[in-house]
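Undergrad: Model the placement of chain B on the given structure of chain A, informed by the hints.
If you want the building blocks of each chain, they are given just below.
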Amino acid sequence: MMHSTFRNNLWFLMLGLLSLLLFVANLGFGSVMLPWTEVIRALFHAPHTDATALVIVNQYRMPQAITALATGILLSMSGLVLQTLFRNPLAGPSVLGISSGASLGVAVILLSGSVAGVDLSSLAIVGNLAVVLAALAGALLVLGIILFVSARVANVITVLIIGIMLGYAVSAVVSVLQFFSGSEDLHAYVLWGLGSFSKATIQQSFLLLFTALSGVVILFFYVKPLNALLLGDDYARSIGFRPMRIQRVLIFVTGILVAVGTAFTGPIAFLGLAVPHLARGFFKTSQQGVLLPATILTGASLALFCNLLAKLPGYDISLPINAVTSLVGAPVIIWVIMKSRHVKWG
Amino acid sequence: MEMTLKIENLTTGYGSAKKADVVLQQGINATLKTGQLVCVLGPNGAGKSTLLKTLAGFLNPLSGEIYFGDNPLNKLDLKKLSRLVSVVLTDRFSDLYLTAFDVVRMGRFPYASFFGRMKTGDLSLINQTMDKLDVGSLKEKLFYNLSDGERQKVLIARALVQDTPFLFLDEPVAFIDSPGRIEIMEILSELAHRQGKAILMTTHDMETGLRYADTLWLMHRRKPLLAGIPEDMVLQGKVGEYFQRSGLHFDVGKGRFRVESKSLQSRRIVFVKNGSHEGVWIANALERKGFAVVQTENIPENGIFVEYESGSFRLYRDAKLVGEVHSIAGVLEKLEAWGNYTQAGK
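Taken in sequence, the protein lines are chains A and B.
As numbered in this note's numbering, the first sequence has no gaps in its residue numbers, which increase by one up to the final residue, 346.
As numbered in this note's numbering, the second sequence has no gaps in its residue numbers, which increase by one up to the final residue, 692.
Chain A with its partners taken away, still in its complex shape (with noise of 0.2 Å):
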């Protein structure tokens, strides 16, 4: 026992680390080179310091670091907790279908202009707010849906397929208006889904952040009953919880959370599958307790990489996020299972 605690206090602290020093080499690294002593002065705003590094610094690295590792933790995180609830390691924050509605709601503001002849995209609200707004509004669509079928439904299992359901229907809609768009406004919808960090301003990154920390807060409230969970419903409601109200309020959290993730970055693929079975993999417990800060700490380590690996620092153009979190996020499961194939899961 005191070996593991010194050992996960150790991974901690490394991870912590990482994370910071992640956080640092965004700042840093851009398509533009600028020396550290530049990058150091324009964050602190100091006398002199050139102009267009203190944009590039501050309003452009800065905000694009701080979505990056807020996205990172709330998916991440919520992918834990997914896992947990549903008790399946594929679990993760798509199987909601909050992430399809959020692009049902792009879909449409931006689509919806070949398709109907009202050009949306044309007026002046559209812009990255309506974008946002959009994106929340099918996310928090989709998120009702999920908990009024869960409301109905006895077994947490059921909502998992209805969400799973749900996310190919609206998919299909999509896909649909798709058909109909013209070249333009499908590639301003495609670039939407290939994820961003970078379309945040530094407000929205600052409230994408407290998104992500009031989650982390209120999900710290829940170790104990995710703990009881890793047991089955009965073995948990043995010990004096309520599986469905753990459940319920659970799925209402993580939603709320990916779908304002979603809103602001598009969707991120694998962030949220992948970070958990890293954090399984370094910690080697289920104990939900260690299991959420690692999570955390890997979650946002791993975004904030990503994020680095897709600006190809030195080079002027940047990757999509989604596919450099794919491509990360898949030898990264594929890792984690073969190196445990001696266990099994049941």
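In case anyone wonders, no lab produced these hints; they're calculated from the structure.
Just so you know, even glycine gets a beta-carbon here, dropped at the ideal spot from N, CA and C.
Mixed in with the good hints, there may be bad ones.
With the C-beta cut set under 7 Å, the calculated list includes, among others, these residues of chain B facing chain A [stated by the list, open to error]: (1) S428; (2) D437; (3) D441; (4) Y443; (5) L444; (6) F455.
TA: The following block gives chain B in isolation, referenced to the frame of chain A:
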């Protein structure tokens, strides 16, 4: 602490808002006292697990009352109930890194702080209990990698640290080898008789029920629940009646079922000298092969007779010694070789 579980006119089954209730058992009346080991015995599908889950509060009774002491079950909140009843279920859980210690620890959740923190007293209780059940060395082992018997003991330890007067176990000895079965049943006996727990366990294994239960609750899908001590139930023919299946016959002498002799007349009768272990096992082998076996003292004038003496089996036909072999396999071989020999005096 003396306590009684009283069941009055209980109907178990599954309720549904839309369809008619599925009734499994009606008019159940029974009591369970502390210090008592009760086996709920019945064939598959009799509603044993449903009864257990109803008594544990996982399923609502369709009608009737359940009292723990003076408190009706439906008036007890989950917190109070968690200090009255602990359970061992057949539910499988699958989290990858769940250790035996993690599992046992959850039994202490009703006593732990809001964040699940344990006092030293809790930890030493967990350690003592695990040592007592001989699973202390498995603490850091992954639950998934344990054998069925080890898992069952870990689950019993989990229930014991919950420190409740009532312990309900669903099929605790199914899938467990005979020595393991005896070990677990001895543990349960001692818990009931020495430590004064009220133990209710379901089983479809008649041998276990007849050997260890203080009281049997016989269940059958279409018969009322019948309570009584095992020996009376056997002698009154109730066990046979409740397990009745066409073609099977309950052997009151042996306390087990055997295939009803298709027609005893046409089968070859073999006389076996009684009074030794070998006699018992020859009878076992011969009955399996379809012989009718009669145990006698003296060599009969007609028919086949087998006797065992100092390392060898002697075979007689019509009172004449016709062979001597050294194993039961040899006896069977001889008898097969004689083909359809039927004794003259039949």
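Undergrad: Tell me the numbers of any earlier hints that the structure contravenes, in ascending order.
TA: Per hint list: zero violations.
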